[in-house]
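Trainee: Chain residues, written in single-letter form:
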Amino acid sequence: EPEVTQTPSHQVTQMGQEVILRCVPISNHLYFYWYRQILGQKVEFLVSFYNNEISEKSEIFDDQFSVERPDGSNFTLKIRSTKLEDSAMYFCASSGRGRDWTEQFFGPGTRLTVL
Amino acid sequence: AQKITQTQPGMFVQEKEAVTLDCTYDTSDPSYGLFWYKQPSSGEMIFLIYQGSYDQQNATEGRYSLNFQKARKSANLVISASQLGDSAMYFCAMREGGTGGFKTIFGAGTRLFVKA
Numbered sequence: 001e002p003e004v005t006q007t008p009s010h011q012v013t014q015m016g017q018e019v020i021l022r023c024v025p026i027s028n029h030l031y032f033y034w035y036r037q038i039l040g041q042k043v044e045f046l047v048s049f050y051n052n053e054i055s056e057k058s059e060i061f062d063d064q065f066s067v068e069r070p071d072g073s074n075f076t077l078k079i080r081s082t083k084l085e086d087s088a089m090y091f092c093a094s095s096g097r098g099r100d101w102t103e104q105f106f107g108p109g110t111r112l113t114v115l
Numbered sequence: 001a002q003k004i005t006q007t008q009p010g011m012f013v014q015e016k017e018a019v020t021l022d023c024t025y026d027t028s029d030p031s032y033g034l035f036w037y038k039q040p041s042s043g044e045m046i047f048l049i050y051q052g053s054y055d056q057q058n059a060t061e062g063r064y065s066l067n068f069q070k071a072r073k074s075a076n077l078v079i080s081a082s083q084l085g086d087s088a089m090y091f092c093a094m095r096e097g098g099t100g101g102f103k104t105i106f107g108a109g110t111r112l113f114v115k116a
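Taken in sequence, the protein lines are chains A and B. Counting in our numbering, the first sequence runs without a single skipped number right up to 115 at its last residue. Counting in our numbering, the second sequence runs without a single skipped number right up to 116 at its last residue.
Hints are not guaranteed to be accurate.
Derived DSBU-like pairs (lysine-lysine); straight-line CA-CA distance at most 30 Å [unchecked claim]: (1) A:42 - B:73; (2) A:42 - B:70; (3) B:3 - B:73; (4) A:42 - A:78; (5) B:16 - A:42; (6) B:103 - B:3; (7) B:73 - A:57; (8) B:73 - B:103.
It should be emphasised that the hints constitute simulated quantities derived from the structure, not laboratory data.
Work out the full structure, taking the sequences as your base and the hints as a guide.
Mentor: Laid out in structure tokens, this is it:
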């Protein structure tokens, strides 16, 4: 069964460093998303991406965040200068077209720890 | 403004009994979708069930059913015949817009404990 994959599973970084979180969505999906979940809290939408551009973003997704689909398979989230409060689980998700857009398939997540 | 409300931070249910997890939502968009996800202690997000705003019938998926009451703006999840493996966090979520690819808002979640 096709699945969304994410790497790394756990990333530890120093405050102020740049990190890139990687995702491989399901191959025939068209919509891609990033979410984050601070420990013990609810899942928060960051950004959605379609047709090689951002279709919607939340107020959390400020200038320190960027997304890219560099090669038609990977979907990346870059955080330019990490802060302590960026520590969270980051989930990538993808969905298909038509009725298939209703279900977002989530990856297993990347746990980001900023020290 | 908060758009998804889950008022039960924690729920207990006896194994093999049914349980209802509450969810209310707020939107002015006539086209929207409602979702339930399960998050076990391992952390992954598992899609359970979807209800579209124009769907006439309540969605069902195996032991899961969604009690959709549009006028009340509620989308409660009913789990029948609870199993120990159902112990997890459950999130209600909503997506506005009819063509897909839009923001999905999650509720705060309900932690379900299934007792043997």
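Trainee: Could you run down the list of hints and mark each one as holding or not?
Mentor: Structure-based check of all given hints:
1. A:42 - B:73: holds (21 Å)
2. A:42 - B:70: Roughly 24 Å between the alpha carbons, so the hint for residue 42 of chain A and residue 70 of chain B holds.
3. B:3 - B:73: holds (11 Å)
4. A:42 - A:78: Holds, because 21 Å separates the two Cα atoms, which is no more than 30 Å.
5. B:16 - A:42: The hint holds at about 28 Å.
6. B:103 - B:3: holds (12 Å)
7. B:73 - A:57: The given pair, whose Cα atoms are some 25 Å apart, holds under the 30 Å limit.
8. B:73 - B:103: holds (19 Å)
Checked against the numbered hints above, the structure breaks none of them.
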